[in-house]
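Construct the entire structure; sequences and hints are all you get.
Residues -24 to -1, 1 to 152 (mature numbering (1 follows the signal peptide of the UniProt record, and there is no 0)) make up the sequence shown, in order.
Read the hints as simulated data drawn from the structure, not as lab findings. Where hints are given, some of them may not hold.
[What the hints assert, rightly or not] The following label-pair restraints were derived from C-beta to C-beta distances:
(1) Asn80 to Pro100: 30 to 38 Å
(2) Ala1 to Pro54: 53 to 61 Å
(3) Asp86 to Cys17: 33 to 41 Å
[Said to hold, decoys possible] Capping the alpha-carbon separation at 20 Å, the derived lysine to any residue pairs in SDA-like fashion look like this:
(4) Lys51 to Thr120
(5) Lys87 to Thr147
(6) Lys15 to Asn48
(7) Lys15 to Gln124
If you're wondering where the values come from, they're calculated on a predicted model, not measured in any experiment. We put the beta carbon where it would ideally sit given N, CA and C, even for glycine.
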Amino acid sequence: MKSKLAPRILLSCLALAIIPSANAATVTGTFQVLITILKSCSVTAGSGSNINLGSVDSTAANTSGTSVITANCSKTTPYFIGLSPSTVNGGTTTGSGSMSSVANATNNTDKVPYQLNQTSATGPVWGNTATTTTVGNGVAATGTGAAQTFNVYATAASANFTPDSYADIVTVTVNY
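Here it is in structure tokens:
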């Protein structure tokens, strides 16, 4: 009898093990992974160096120097760069400004005019209106997500002014 009971118990256990799995059910759901990427830009003016026109004598003409502006804007983001010479020293919308005395501003009221240009010292004027690419206005570009560089040139047409050190501040504006 013992030998007949063991197979029956085993069959009963197997039957009970199969019944619950036959009654199991599954339910699914979904969710989304979301992100909103905003357009953005950053700018580095002068890339660590100012435009230095050097030390010249008063007979020098068309003294020029250059520096680099680096803009980094998100992919496909259109942007415009404008340069604004200090209005304190007579800056205009056409990229021209004037440098004033650094050390002796009280006694030396001379203003050394200069012009900012885009592609060379005699290239198109680089203005402060950062909305179009016409002469006298800003430079237009489209972001790539990587740093993009732009040369800026400054030229002083004449050095026939009181011997002194002169400077002006130029503000870089990026509209995007």
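Okay, the hints, checked on the actual structure:
no.	hint	result
1	Asn80 to Pro100: 30 to 38 Å	holds (35 Å)
2	Ala1 to Pro54: 53 to 61 Å	holds (54 Å)
3	Asp86 to Cys17: 33 to 41 Å	holds (37 Å)
4	Lys51 to Thr120	holds (4 Å)
5	Lys87 to Thr147	holds (18 Å)
6	Lys15 to Asn48	holds (11 Å)
7	Lys15 to Gln124	holds (16 Å)
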